[in-house]
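Colleague: Given the sequences, and given the hints that come with them, work out the whole structure.
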Amino acid sequence: MPMITFVEPDGARREVEAENGATLMETAIRNGVRGIVAECGGACTCATCHVYVEEEWYGVTGGPSSMEEDMLDFAFDVKDTSRLSCQIKIRDDLDGLVVNVPSRQG
1 MPMITFVEPD GARREVEAEN GATLMETAIR NGVRGIVAEC GGACTCATCH VYVEEEWYGV
61 TGGPSSMEED MLDFAFDVKD TSRLSCQIKI RDDLDGLVVN VPSRQG
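Each residue of the sequence shown is one higher than the one before, counting from 1 in full-length UniProt numbering.
Hints are not guaranteed to be accurate.
In the EDC-like style, the derived pairs of lysine to aspartate or glutamate whose C-alpha atoms are separated by at most 20 Å in a straight line are [said to hold, decoys possible]:
#1 LYS89 / GLU19
#2 LYS89 / GLU17
#3 LYS79 / GLU8
#4 LYS89 / GLU69
#5 LYS79 / GLU56
#6 LYS89 / GLU56
#7 LYS89 / GLU39
#8 LYS79 / GLU54
#9 LYS79 / GLU68
#10 LYS79 / GLU17
#11 LYS89 / GLU54
#12 LYS79 / GLU55
#13 LYS89 / GLU68
#14 LYS89 / GLU15
#15 LYS89 / GLU55
#16 LYS79 / ASP92
Because the hints were derived from the structure by calculation, they are not lab data. From a predicted model like this one, the values you see are computed outputs, not experimental measurements.
Modeller: Below, the structure written as structure tokens:
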């Protein structure tokens with residue numbers, strides 16, 4: 001199973017095992033990652049699971065869809081590598097992925 005590192009808002013690093021086919025958001029919630037709120041439960045209708053994908057991983061995760069971009073308009077402090085974690089499906093090539101959780105969710 002892929003290992004994912006979440007850098008929580010206070011800088012704490014949490015490395016967790018992720019299940020292929022789950023979303024990054026589901027993985028964060030299951031593992032109690034601080035800062036991931038996920039109000040809509042993964043329906044891509046809010047921006048409370050916003051993360052920053054480390055630059056070296058952005059090409060692997062890919063960019064946001066147009067629907068995701070619309071939701072990112074509501075996120076706090078959006079950056080070039082911003083994604084909604086509910087839209088990133090876990091797969092083997094994401095082993096080692098590092099994402100940062102913003103200091104607050106929009």
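Colleague: Now tell me if each hint is right for this structure.
Modeller: A quick look at each hint next to the structure:
| no. | hint | in the structure |
| --- | --- | --- |
| 1 | LYS89 / GLU19 | holds (9 Å) |
| 2 | LYS89 / GLU17 | holds (14 Å) |
| 3 | LYS79 / GLU8 | holds (17 Å) |
| 4 | LYS89 / GLU69 | holds (17 Å) |
| 5 | LYS79 / GLU56 | holds (14 Å) |
| 6 | LYS89 / GLU56 | holds (17 Å) |
| 7 | LYS89 / GLU39 | holds (18 Å) |
| 8 | LYS79 / GLU54 | holds (11 Å) |
| 9 | LYS79 / GLU68 | holds (14 Å) |
| 10 | LYS79 / GLU17 | violated (26 Å) |
| 11 | LYS89 / GLU54 | holds (16 Å) |
| 12 | LYS79 / GLU55 | holds (11 Å) |
| 13 | LYS89 / GLU68 | holds (14 Å) |
| 14 | LYS89 / GLU15 | holds (17 Å) |
| 15 | LYS89 / GLU55 | holds (18 Å) |
| 16 | LYS79 / ASP92 | violated (26 Å) |
Hint compliance for this structure: hints 10, 16 are not met, and every other hint is.
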